[in-house]
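There are 2 protein chains.
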Amino acid sequence: MEVFEAIARRHSYRAGFLDQPVPREDLRRIVQAGIQAPSGRNAQTTSFVIIDDPALVQQIAEMEGANAAQRNAKAFICCIIDRQPEPTYEDLSFVVEDCAAATENMLLAITALGYASVWIDGALRRQGRAEAIGALLGVPEGKVVRILLPLGVPEETWPQREKQPFEERAWFNGYGAE
Amino acid sequence: MEVFEAIARRHSYRAGFLDQPVPREDLRRIVQAGIQAPSGRNAQTTSFVIIDDPALVQQIAEMEGANAAQRNAKAFICCIIDRQPEPTYEDLSFVVEDCAAATENMLLAITALGYASVWIDGALRRQGRAEAIGALLGVPEGKVVRILLPLGVPEETWPQREKQPFEERAWFNGYGAE
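Just so you know, the protein sequences line up as chains G and Z, in that order. According to the numbering used here, the first sequence is numbered sequentially starting from 840. According to the numbering used here, the second sequence is numbered sequentially starting from 840.
In case anyone wonders, no lab produced these hints; they're calculated from the structure. Just so we're clear, the structure is a prediction, and the values are computed from it rather than from any experiment. Be a bit skeptical, because a hint or two may be false.
Which copy is meant is left open, so a pair is good if it fits within one copy or across any two.
[Stated by the list, open to error] No farther apart than 25 Å at their CA atoms in a straight line, the calculated lysine to any residue pairs in the SDA-like style are these:
1) Lys913 <-> Arg880
2) Lys1002 <-> Arg910
3) Lys1002 <-> Glu901
4) Lys1002 <-> Glu841
5) Lys913 <-> Leu857
6) Lys982 <-> Glu929
7) Lys913 <-> Phe1005
8) Lys982 <-> Asp930
9) Lys982 <-> Phe1011
10) Lys982 <-> Val992
11) Lys1002 <-> Met840
12) Lys913 <-> Leu931
13) Lys1002 <-> Pro860
14) Lys1002 <-> Gln859
15) Lys1002 <-> Asp921
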């Protein structure tokens, strides 16, 4: 799929998936797209766990607070970062940016391959959910599941949510310029 | 350009650009890709200033500490966020993630259209550089230039920097699993 089309079609999907597994070949391609994302000083701070074992998928799908995409997911991808990252440039760390760039690459890859997903972040930081998933996956103490992507072949066709027009968010040569 | 090719070809470019302007049509397409990025609760927290006025481009290019891509840029794109963002989910704000996802979309669009760039972040948070650019662009007090993308048609062909192999960053069904 052409890159501008993938960017325009990517959307946050929160409905059901068809009863079709996601082949490992596709899961690897998606995560490889995440690996190829930029990271501050190329420090490559994000690691990934792909969940396609049916029993594990079910355990995560049945977690309290799961949305429909999570409840019906055929596979998950977790992005994992350090809880207390080392600085990579003077006193700055870019783990949050690194992880977000990797996630966006994976969402575009997911779209291009005909799957759908939704970026789950805030909900993981509530009621010990990130820690519960981390425990299932053997994530070490100093690391945390920051992002969860449920995925599968979508049952429904959803559009991208509406965005403000260009003129309200972007200007040439001056903030808010005509 | 196909999305996986754009992901594989995107790289951090820090050398010179050909003496060719970047047409506004292309700058708009690139920033539109940023606008279409996901954001926490679709809050669309990033705004953008595109700099193609030659005098302004030169002022930013000549800032102390600029790398070769910045010194020779034919245009710039700035991503602007709130300094003290309002929470969008309980007490959490996602402006850093939103801005990073928009930046990655723009880097892929830049790659697809035959330009090159580099994600400048940490350096802006030193020696008042973000504030100096903000003052040139009339960025309001409560907002800050978080990312600067210099761009143009690259003079040299650079590869993406080497990434650790899949097996060292990603596993199936368990952190560090075989």
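Structure-based check of each hint:
| no. | hint | result |
| --- | --- | --- |
| 1 | Lys913 <-> Arg880 | between (34 Å within a copy, 24 Å between copies) |
| 2 | Lys1002 <-> Arg910 | neither (27 Å within a copy, 33 Å between copies) |
| 3 | Lys1002 <-> Glu901 | neither (32 Å within a copy, 35 Å between copies) |
| 4 | Lys1002 <-> Glu841 | both (21 Å within a copy, 24 Å between copies) |
| 5 | Lys913 <-> Leu857 | within (9 Å within a copy, 47 Å between copies) |
| 6 | Lys982 <-> Glu929 | both (22 Å within a copy, 23 Å between copies) |
| 7 | Lys913 <-> Phe1005 | between (36 Å within a copy, 22 Å between copies) |
| 8 | Lys982 <-> Asp930 | both (20 Å within a copy, 22 Å between copies) |
| 9 | Lys982 <-> Phe1011 | between (41 Å within a copy, 17 Å between copies) |
| 10 | Lys982 <-> Val992 | neither (30 Å within a copy, 40 Å between copies) |
| 11 | Lys1002 <-> Met840 | both (22 Å within a copy, 24 Å between copies) |
| 12 | Lys913 <-> Leu931 | neither (37 Å within a copy, 29 Å between copies) |
| 13 | Lys1002 <-> Pro860 | neither (32 Å within a copy, 28 Å between copies) |
| 14 | Lys1002 <-> Gln859 | neither (31 Å within a copy, 31 Å between copies) |
| 15 | Lys1002 <-> Asp921 | between (32 Å within a copy, 18 Å between copies) |
Checked against the numbered hints given earlier, the structure breaks hints 2, 3, 10, 12, 13, 14 and satisfies all the rest.
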